[in-house]
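Asks: What follows is each chain in one-letter form.
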Amino acid sequence: MKNNKKQKSLVWKRLKKNKLAVVGLAILTIIILTAIFSGFIVDYEKQVIKQNMKIRLQPPSSEHLLGTDSYGRDILSRVLYGSRYSISLGFIVVTFALLIGGTIGAIAGYFSGKIDNVLMRIMDIFLAVPSVIMAIAIVSVLGTGFINLAIALVISNIPVYARLLRSTILTVKDSEFVEAADAIGTSTFRIITRHILPNSLGPVIVQATFSLASAILAAAGLSFLGIGIEPPKPEWGAMLTEGKEFLRDMPYLVIFPGMAIAATVLSLNLLGDGLRDALDPRLKK
Amino acid sequence: MLKYILKRFLMIIPVMLGITLLIFTIMSFSSGDPARIILGDGASEDDILQLRDELGLDDPFFVRYFNYMKNALRGDFGRSYKTNTPVFEEIFSRFPVTLILAILGILIAIFFGVPIGIISAIKRYSVFDNIGMLFTLLLTAMPGFWLGLILMLFLSVKLDVLPATGVGSWVCYIMPSFTISARTMAVIARMTRTTMLEVIEQDYIRTARAKGATEYRIIVKHALKNTLIPVVTVAGMNFGQLLGGTVLIEAVFAMPGVGTLLVNAIRTKDLPIIMADTMFIALCFSIINLAVDLLYSFIDPRIKSQYQ
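Sequence order for the protein chains is A and B. Residue numbers for the first sequence follow this note's numbering, so the first one is 1 and each next one is one higher. Residue numbers for the second sequence follow this note's numbering, so the first one is 1001 and each next one is one higher.
If you are wondering where the hints come from, they were derived from the structure by calculation, not from laboratory data. Because the structure is a prediction, the values reported are computed rather than measured. Glycine residues also receive a C-beta, built at the ideal position from the N, C-alpha and C atoms. Please note that a few of the clues may not be correct.
Stated by the list, open to error - Below are the DSS-like pairs computed for lysine-lysine, each with C-alpha atoms no more than 27 Å apart in a straight line:
| no. | chain 1 | residue 1 | chain 2 | residue 2 |
| --- | --- | --- | --- | --- |
| 1 | B | K1225 | B | K1123 |
| 2 | B | K1123 | A | K244 |
| 3 | A | K233 | A | K16 |
| 4 | B | K1007 | A | K114 |
| 5 | A | K17 | B | K1123 |
| 6 | B | K1225 | A | K19 |
Stated by the list, open to error - Below, a sample of chain B positions facing chain A; criterion: calculated Cβ distance under 10 Å:
| no. | residue |
| --- | --- |
| 7 | P1086 |
| 8 | V1167 |
| 9 | L1283 |
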């Protein structure tokens, strides 16, 4: 336990030294706080959803800092509120994909043999379809909407975690501390959850950070195609689709939601790179 | 080597069977009666029952899957519910657009990504290196479809130098190809830089320098070849993803590829198209992965020797 705490503080120390990672963490913290408190910052009914055609397509002004959209809604309010969809979707996707994929990978890695072979061949099949196409195929059956989009993205991300957990567990399971736990009669479940998993977490945390970014990108992409979260909800990808129609006269409609996606993904990429270096300094270049 | 190629090729078959079964299963859960979709809401119940019988929709799941696969192996993927044209024709008439886009995307990514990575590594911590790495960092964060819209805004709407949509001439491919290549180019540049930094620290590079070889010769003849293997891996992995990514880029630039066909089919619940299109993209993805695997053996003699 003491060693675990020591290692955590060492990782945090290394992470703090990485300027880019700190910038990423700062941007991400601001975005997450915005997502949590956006309900208090903006009025969903009045500023995000309510249409006011008298003030449609206005350029940025002191009243509407990022202008208004084709229905007279404040773009800044919509971009701020949109962070809720992207961030919550990203976290839901990563959590469930990690739980399901991780369990599959842990079983495959720990038991090896036939179970491993069958599970991994199934994962190979999922991996043989590009993730966006897999998500599109699932959404085509489930239909659009937040939950269906989340399910589609979870399913397309499961194989990534199954493979990752399997490979990390394979490297840890022959360690002496696992043999010792086995020798004193510890149950398999306890060996996996209490001994193997905590020692395999490094690569998983890094992958989760990058997956969060790709889930946000994929969700925005599917909403952009009109098969994710649908308007009038202020999801960033869906806002881009609406704004595309007014690219010539009102580029703000496209520029700001896109910048929000890019900033979120950039912060996650920076943090992911930093975490990878902090967890395994040998990789640092 | 031939045995290895054959073995790798045969390994695609079970994966493809798995993919077809997976897609077929997913599509079986799709809401809506295909017979009603084809005949429209005004059709009588008798007509719907007759068409269901003709299409074999009431057969057990595995019978339907077996029949579908039997026909698919003969190149018959059914007919579009909406246009009644053979699915095979629909996909193949649109495939060249997607393929050209993906190939141009990967070529542009390699053409710009590798030199940026090499120069960044050679001139480590210089202004070029810092700007180059910042640029690639931003490219990896930008959604491709957004970058496409921004390029369209500047190059088509503001400057009017490139067409915004269509596939009428080769000029129409410039903007979409650059858009689709952006993320891969950034990944390749970063990968090349990292690997090149590792390679130029090696003993054989020091030996070449000690023997008086020119810097150009050291980089091109000695370092570059050894940098290429991880770069090919990244390029290969991304080429497959590019094929999936074309869906979004085709939508931005209104290009009639297999991606737009898929998205339109989803909107109209055209199941035969969705199924065949997804399987087709998965097959291309598997073949690309195989080609990348084989390419390693040509680049790295150590891998080649394992199979001789």
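Asks: Which hint numbers does the structure go against, in order from smallest to largest?
Replies: Hints 2, 3, 6, 7, 8 not satisfied by this model.
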